[in-house]
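> Everything in the sequence shown is counted per UniProt numbering, starting at 1 for the first residue and increasing by one.
What the hints contain is simulated information worked out from the structure, not anything from laboratory work. All C-beta atoms in this analysis are idealised placements derived from N, C-alpha and C, irrespective of residue type, glycine included. It cannot be assumed that every hint is accurate.
What the hints assert, rightly or not - Distance ranges between label pairs, derived from CB positions:
| # | residue 1 | residue 2 | range |
| --- | --- | --- | --- |
| 1 | Val443 | Val282 | 24 to 30 Å |
| 2 | Ser333 | Glu483 | 47 to 53 Å |
| 3 | Val422 | Ser474 | 41 to 47 Å |
| 4 | Gln468 | Arg289 | 42 to 48 Å |
As the list claims (entries may be wrong) - Result set (DSS-like, lysine-lysine): computed pairs, CA atoms no more than 27 Å apart in a straight line:
| # | residue 1 | residue 2 |
| --- | --- | --- |
| 5 | Lys368 | Lys358 |
| 6 | Lys128 | Lys85 |
| 7 | Lys200 | Lys177 |
| 8 | Lys247 | Lys293 |
| 9 | Lys463 | Lys440 |
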Amino acid sequence: MIRIATSIVGKLWGTILLLVSFVLFIFTIFMLEFLENYHNEQSEASLRQTAAAIASIIDEEEIDDKQFAIISELLTETTNVLIAKNSDEILYARQEGINKEEIQQKIISSKAFEEVYASSEPIVEELKLPSNREEDASDTNYIVLGFPLKSVEDLHGAVFIYKNPDALHQTSNETTKIVVIAAAIAFILTTIFAFFLSSKITLPLRKMREHAFELAKGRFDSKIETKQNDEIGQLAVAFNQMGRQLKHHLEVINQEKEQLSSILTSMTDSVITFNRDKTILVSNPPAERLLQKWFVEKGLDSSKPIPDELYQMLDHVLNFEDQLDEEFEMGKSYYSITISPLYSRDSIRGAVAVIRDKTEETKLEKLKSDFIANVSHELRTPIAMLQGYSEAIIDGVVTTEEERIDMIRVIYDESQRMSRLVTDLLDLARMESGHMTLYKEEVPLVTVIERMTHKFDQTAKEKHVQLQIETDFSDETLISIDEDRIEQVLTNLIDNAIRHTPADGSVTVSMINEQNYAKIQVSDTGQGIPQDDLPYVFERFYKADKARTRSKGGTGLGLAITKNIVEAHNGRISVDSVEQQGTTFTFYLPLP
Numbered sequence: 001m002i003r004i005a006t007s008i009v010g011k012l013w014g015t016i017l018l019l020v021s022f023v024l025f026i027f028t029i030f031m032l033e034f035l036e037n038y039h040n041e042q043s044e045a046s047l048r049q050t051a052a053a054i055a056s057i058i059d060e061e062e063i064d065d066k067q068f069a070i071i072s073e074l075l076t077e078t079t080n081v082l083i084a085k086n087s088d089e090i091l092y093a094r095q096e097g098i099n100k101e102e103i104q105q106k107i108i109s110s111k112a113f114e115e116v117y118a119s120s121e122p123i124v125e126e127l128k129l130p131s132n133r134e135e136d137a138s139d140t141n142y143i144v145l146g147f148p149l150k151s152v153e154d155l156h157g158a159v160f161i162y163k164n165p166d167a168l169h170q171t172s173n174e175t176t177k178i179v180v181i182a183a184a185i186a187f188i189l190t191t192i193f194a195f196f197l198s199s200k201i202t203l204p205l206r207k208m209r210e211h212a213f214e215l216a217k218g219r220f221d222s223k224i225e226t227k228q229n230d231e232i233g234q235l236a237v238a239f240n241q242m243g244r245q246l247k248h249h250l251e252v253i254n255q256e257k258e259q260l261s262s263i264l265t266s267m268t269d270s271v272i273t274f275n276r277d278k279t280i281l282v283s284n285p286p287a288e289r290l291l292q293k294w295f296v297e298k299g300l301d302s303s304k305p306i307p308d309e310l311y312q313m314l315d316h317v318l319n320f321e322d323q324l325d326e327e328f329e330m331g332k333s334y335y336s337i338t339i340s341p342l343y344s345r346d347s348i349r350g351a352v353a354v355i356r357d358k359t360e361e362t363k364l365e366k367l368k369s370d371f372i373a374n375v376s377h378e379l380r381t382p383i384a385m386l387q388g389y390s391e392a393i394i395d396g397v398v399t400t401e402e403e404r405i406d407m408i409r410v411i412y413d414e415s416q417r418m419s420r421l422v423t424d425l426l427d428l429a430r431m432e433s434g435h436m437t438l439y440k441e442e443v444p445l446v447t448v449i450e451r452m453t454h455k456f457d458q459t460a461k462e463k464h465v466q467l468q469i470e471t472d473f474s475d476e477t478l479i480s481i482d483e484d485r486i487e488q489v490l491t492n493l494i495d496n497a498i499r500h501t502p503a504d505g506s507v508t509v510s511m512i513n514e515q516n517y518a519k520i521q522v523s524d525t526g527q528g529i530p531q532d533d534l535p536y537v538f539e540r541f542y543k544a545d546k547a548r549t550r551s552k553g554g555t556g557l558g559l560a561i562t563k564n565i566v567e568a569h570n571g572r573i574s575v576d577s578v579e580q581q582g583t584t585f586t587f588y589l590p591l592p
């Protein structure tokens, strides 16, 4: 019941009922008033007619019992008459009910009828007289007609005629009853018709409401079936068109959203969209990784997801509505950032930042410049020596054959050094470009490593360094490697270990089986590598002691080549060192 009252059916039904009830109420009031006035007018006209007839009878003949009998015949049961000669003398009276004398005396002595005795026009007045019913003790309104007589035994008089008010009240009550019954029937019929009409009108509207809920749930294929050609039918057609348009626009929006998401996901640059309050709205995967990196670097105590530098840039963009292109450094990382404002009509609703991590580019640029500087530095000394000694020979500075041979030997050694440098540079370039070809074969691990190590027995003896091998592999253990390349790795590592180990020191080559990998270590008891230099030992031209290394024939490329060869075998290499205690190089090779 509550649901019907709050629905459009109930509202329309109630509106119609309220309107019809108001109209019926006004109509009933006016009808009752009209009928009451009509009955009063009819009653007054009847009283006039009766009074005129009585007056004509009295005017024609003298008053006697015969005339009084005729007058009684003219009167109805509810009509009362009073013939008075003046205000003190009553000639004839007919009165029903109680209080006759009191009613008659009040009529003839009423001030309203003082002029009727001497007048030629009748007078109609409403007088409040005692009731003629025993059960009613209050006064009752009577309509009294005073009709003047021309002569009554040569004296003027008047006929007072009035009806019992009960007759008028009964007629009014009957009329009121009829009007009320008619209004009630009209109200009931209107109720039924209003409910039927409102239900008929609102049935398509209820269907549209259900269709709107279906659209809200994303079911755009539902349609409203309608056969009406009126405004409701046109509204149903518009609803169906709206559903099709919503489906089309939603598909377009989803396509654009997927396209934008694919673009953002495939971008290598970090893209972050900020709200007006600088909160992050959207970010692509590179941006997520960058935010995690910043969070780790800033620590758990930080409440801001981005660096303070970016907040300052955002303030500038949001306040001055200007695009910003900047490069900044944070820790050991370098970034290029572009921040552009996002508009909502005429106001800024946020900003979008495109961040490019230029750390690798900066490092590559630095490596490039360092590479050129290092190559120039490495070539400058042998070239200067070649030039100097050759000029000495050409100018005849050398006086003995022994000096000339010494100079030629120096020239030869320096040319060999330049050749090694160029060869190492070419090998490293091929490895880093991915053009290195490995010729793998299954060979016995222990036998191969022992053979490669024993090549340095003589060198170790000359340096008074103890060279030893340790292994927990059996002689039958096979490994798939490029033997020449791994020999180059061990040559670099063992040669470096012997050269940097003082007399009476030791160099140990060990082989350990660790989680399906061959763990090969080259350990020495030399002077070690400073902790600050450990992260850079595998970079090109790294030399902890450049002067000493150059004097020992190093180019600074051996460890870089070693790392590339190990990684080409799907392995990895690392270094641990303690100054004045020794250094351990460890590389892993996968076992079949």
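> If a hint holds in the structure, say so; if it does not, say that too.
Status of each hint after checking the structure:
no., hint, verdict
1, Val443 / Val282: 24 to 30 Å, "violated, 55 Å"
2, Ser333 / Glu483: 47 to 53 Å, "violated, 41 Å"
3, Val422 / Ser474: 41 to 47 Å, "holds, 42 Å"
4, Gln468 / Arg289: 42 to 48 Å, "holds, 46 Å"
5, Lys368 / Lys358, "holds, 15 Å"
6, Lys128 / Lys85, "holds, 23 Å"
7, Lys200 / Lys177, "violated, 34 Å"
8, Lys247 / Lys293, "violated, 41 Å"
9, Lys463 / Lys440, "violated, 34 Å"
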